[in-house]
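Could you slot chain Y onto chain R? The hints should help.
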Amino acid sequence: MAGTDTGTDAEYAVELAGITKRFPGVVANSDIHLRVRRGEVHALCGENGAGKSTLMKILYGMQHPDEGTITVGGREVRFRSPSDAIKAGIGMVHQHFMLADNLTVLENVVLGAEALHGIGAKARKRVAELSRTVGLDVGHDVLVERLGVADRQRVEILKVLYRGARTVILDEPTAVLVPQEVEELFETVRSMRAEGFTFLFISHKLDEVRAIADSITVIRRGTSVGTADPHTVTTRQLAEMMVGSELPTPQTGDSTVTDREVLVVSGLELPGEAGGRPLLAGVDLVVRAGEVLGIAGVEGNGQTELVETIMGMRRASAGTISLAGRDISRASTLERREAGIGYIPEDRTRHGLLATQPLWANRMLGHQSRPPVSRGGPLGLLDPAAARRDTERIVREFDVRTPGVDVPAAALSGGNQQKLVVGRELSGDPVLLIASHPTRGVDVGAQAGIWAELRRARAAGLAVLLISADLDELIGLSDTIRVMLRGRLVADADPATVTPEELGSAMTGATEHPGAAPGPPPDPEPDPEPDDDAGGGRHRAADGGNGTSAPTGGSTP
Amino acid sequence: MTRVRTVLLPPALAIVFAALLCAVALLISGDSPLTALRVMITQVGEGTTAIDILNSGAIYYIAGLAVAIGFQMKLFNIGIEGQYRLAACVAAIVGGALVLPPVLHTIVILLVAMVVGAAWAGIAALLKAFRGVSEVISTIMLNFLATGLIAFLIRPDSFGLLRGNNISTDPIEPSGQFPGVSFGSSGTLFGMVALAALLGLGYAFLLNRTRFGFELRASGESETAATAGGVNARRMTIIALLMSGAVAGLVGLPELLGRDFAYTLTSPQGYGFTGIAVALLGRNHPFGIALGALLWAFLDKSALALDNVGVPREIVLIMQGSVVLSVVIAYEIVRRYELAAEQRRVAAQLRAASATPAEEVRA
Chain R
0 MAGTDTGTDA EYAVELAGIT KRFPGVVANS DIHLRVRRGE VHALCGENGA
50 GKSTLMKILY GMQHPDEGTI TVGGREVRFR SPSDAIKAGI GMVHQHFMLA
100 DNLTVLENVV LGAEALHGIG AKARKRVAEL SRTVGLDVGH DVLVERLGVA
150 DRQRVEILKV LYRGARTVIL DEPTAVLVPQ EVEELFETVR SMRAEGFTFL
200 FISHKLDEVR AIADSITVIR RGTSVGTADP HTVTTRQLAE MMVGSELPTP
250 QTGDSTVTDR EVLVVSGLEL PGEAGGRPLL AGVDLVVRAG EVLGIAGVEG
300 NGQTELVETI MGMRRASAGT ISLAGRDISR ASTLERREAG IGYIPEDRTR
350 HGLLATQPLW ANRMLGHQSR PPVSRGGPLG LLDPAAARRD TERIVREFDV
400 RTPGVDVPAA ALSGGNQQKL VVGRELSGDP VLLIASHPTR GVDVGAQAGI
450 WAELRRARAA GLAVLLISAD LDELIGLSDT IRVMLRGRLV ADADPATVTP
500 EELGSAMTGA TEHPGAAPGP PPDPEPDPEP DDDAGGGRHR AADGGNGTSA
550 PTGGSTP
Chain Y
0 MTRVRTVLLP PALAIVFAAL LCAVALLISG DSPLTALRVM ITQVGEGTTA
50 IDILNSGAIY YIAGLAVAIG FQMKLFNIGI EGQYRLAACV AAIVGGALVL
100 PPVLHTIVIL LVAMVVGAAW AGIAALLKAF RGVSEVISTI MLNFLATGLI
150 AFLIRPDSFG LLRGNNISTD PIEPSGQFPG VSFGSSGTLF GMVALAALLG
200 LGYAFLLNRT RFGFELRASG ESETAATAGG VNARRMTIIA LLMSGAVAGL
250 VGLPELLGRD FAYTLTSPQG YGFTGIAVAL LGRNHPFGIA LGALLWAFLD
300 KSALALDNVG VPREIVLIMQ GSVVLSVVIA YEIVRRYELA AEQRRVAAQL
350 RAASATPAEE VRA
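Top line first, the protein sequences correspond to chains R and Y. Letter 116 of the first sequence, counting from 1, is numbered 115 in numbering that gives the first Met the number 0, and no numbers are missing. Letter 246 of the second sequence, counting from 1, is numbered 245 in numbering that gives the first Met the number 0, and no numbers are missing.
One chain only, chain R, in its complex shape:
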């Protein structure tokens, strides 16, 4: 290990100076400065699309800067590929894991690095040593597919350590973890820091950043806007550095819930593939007009399947779905849409948009049988002029930043694509809106806009089924929260009283009734919350950012 640790006397493990990278269509890096001290956890903050990932790709040798210098351990370097970066002792743990499910832990770690310690006993010994460092206590011959998310992440860290990394880049490491797992990860990071490892922690979850980091660099719109000391800075100050202005909050205001049931799902069953655990088991839920029903759950517990079954994209094996009193269990997806369901899919590029088609053609998707897009008639004549006009309306009302409605959807940024999708799905007077992760991967500005639209839709009497991994969003917007675990709705929570911590416990099955039986009082500091956005600290911000706020949620005025 020591061999790769060049220039041990240098104060900074990594120094980036004046990094500039120009790209078509995305925020480039311009004149970014970043200095990471040896043996510290340095957080890199910025909203989605601010240029964090580009910068890290540059540091990891996946991109080449147009200008600027990279200095590792006091020596200026020029990385042509990630293997150069690895040789210099820099390793990266990607947000999306790059593991082979059908190989064991050992095989995954050694794969591609056979030259270091071979594939036999020596490799096994080395992996065993490093396992202790990263806190991985599963057997090395277990298949990775049997590991949970947190353990997979540890395998990823193990992989980069095995390759000799002393500086580890963690790209949004907590995005996939529930609060308890986040805390465990932080314990590992702290103990590794004590052993002399350096971390670059990329996140836009400010509470986590304040909890773990020794120093913080904030970047906004592709350039570094400053550094902050996590011990003195408040979450709100940090967030404002990131955004450059005041912060939005997801709050619903007064209850608009009526007693008119819009969506009634009862006894919904969806069998698993090849006789596995059922994807949905006995799901019952009711969404009333003017109500936002939030579904909480760790991803992969049936939320996607639930939504797709309600949309008619999957066929339930039992149970009924009725919309405004009409049984739609057997209806096609189009019939369900015509009956008044708007659907914001969780993955807009896969399920929401036709990337190379112009915006106005995207306006037609899902509406191809209804005015104003369709003129009707036996041929199903379309009215492109009307579709165009209505797209212009959406662009105006939903603040889609685009030069016109003729550009292909792929040319827009994620936030603007999502605003277009939201605008489309709220067109045609829906009675129910299904919103799956409506603000995932969009910037703070677009997020605030989308929240405003959801609130407006709720106030207008729409029933909203909200699925989100952002617990703040869920608590802030929902009137009722149901927790989903292994295909079942296992618990209810009152967003007025529940904390993200309690919700996190319920999501992992630790407690049954997070709202009714509060768990242990939250650890004052650090207090990692699974926020998924730049304004992560907004609730806390109200009381000075001391991290001991009362339960948050819709009750906060």
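These are calculated hints, taken from the structure and not from any lab test. Quick reminder that beta carbons are idealized off the backbone N, C-alpha and C, glycines included. A hint or two may mislead.
Just so you have them, the derived chain Y footprint on chain R, three or more residues with Cβ under 8 Å [as the list claims (entries may be wrong)]:
id, segment
1, 338 to 349
2, 398 to 409
3, 499 to 506
In silico negatives: residues of chain R with every beta carbon more than 10 Å from chain Y [claimed, not checked]:
id, residue
4, Val76
5, Asp100
6, Ser190
7, Arg335
Just chain Y now, with coordinates in the frame of chain R:
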């Protein structure tokens, strides 16, 4: 303007590139490219070549449309070949057996051809939709089956007649024929050239103005997004292949109803594969396919003159092959370039529009 560049630039580049390649090939074999080009162009004015080009172009066009309907949905119907030959054969048998008033007789023959073409493609459609069998494999297989079936159908024991040393079906009476336009010694233009043009218009209308066309394009662009948008992917697969087959059924008819009046052992083959090349050339655009078809027909027909000046006419095959390859590559390059340029343009306009970060947040 960008649109025009995206649409026209790639084929122009590709044709120039293919021509250069042919020129090099000619130079290597010791012939003059310029002579070859001059001979090919002057040939258009000779004899019946001009009309032949239009007639062949119409056939290629119909075949190209049939392929393009599938391409819109990313379905690769290689079976146009089998579909059109079987359709022409059955249509010739039915047309020869029926006695009907003019016009009606022709319409019945056209309908029979379309139904047979659709039915033959329908086998692949059902296999694809319900059993997940790749349409590429099944339509290739069906091409061979069609060859065997045709051989069976036109046996003298079945529906065929032995005429000299050729076997053919019963000739179709004049009432069933599709009248052409005679240009005297310059040849006769098939009446079905007009029908091909109408088909093109219908294709353009269907694609751009109807729900079906939108759903077809949406399914081709992204099956998942189309499904979420309420498009039934399985139904679209079946309909698209059936329509492709129905249009394919018409490919053999210009010659059947305008020149041969009977299906014979020596009836022409290979139009289905030409259709694939033509659809690729035209990028599934109704006008593009027409240009591609005419180019192809020009190369085919003027090549005949090359023998007269001692240039091997196989040079045309090189031209045809390289033009298809380079068109596909050129389109992909231009498409990527345009998308990147578009993103840059959008980003630049937005930067100019929202100069202050405060504006960015106020949503």
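### Query
Where does the structure disagree with the numbered hints, that is, which hint numbers, in rising order?
3 and 7
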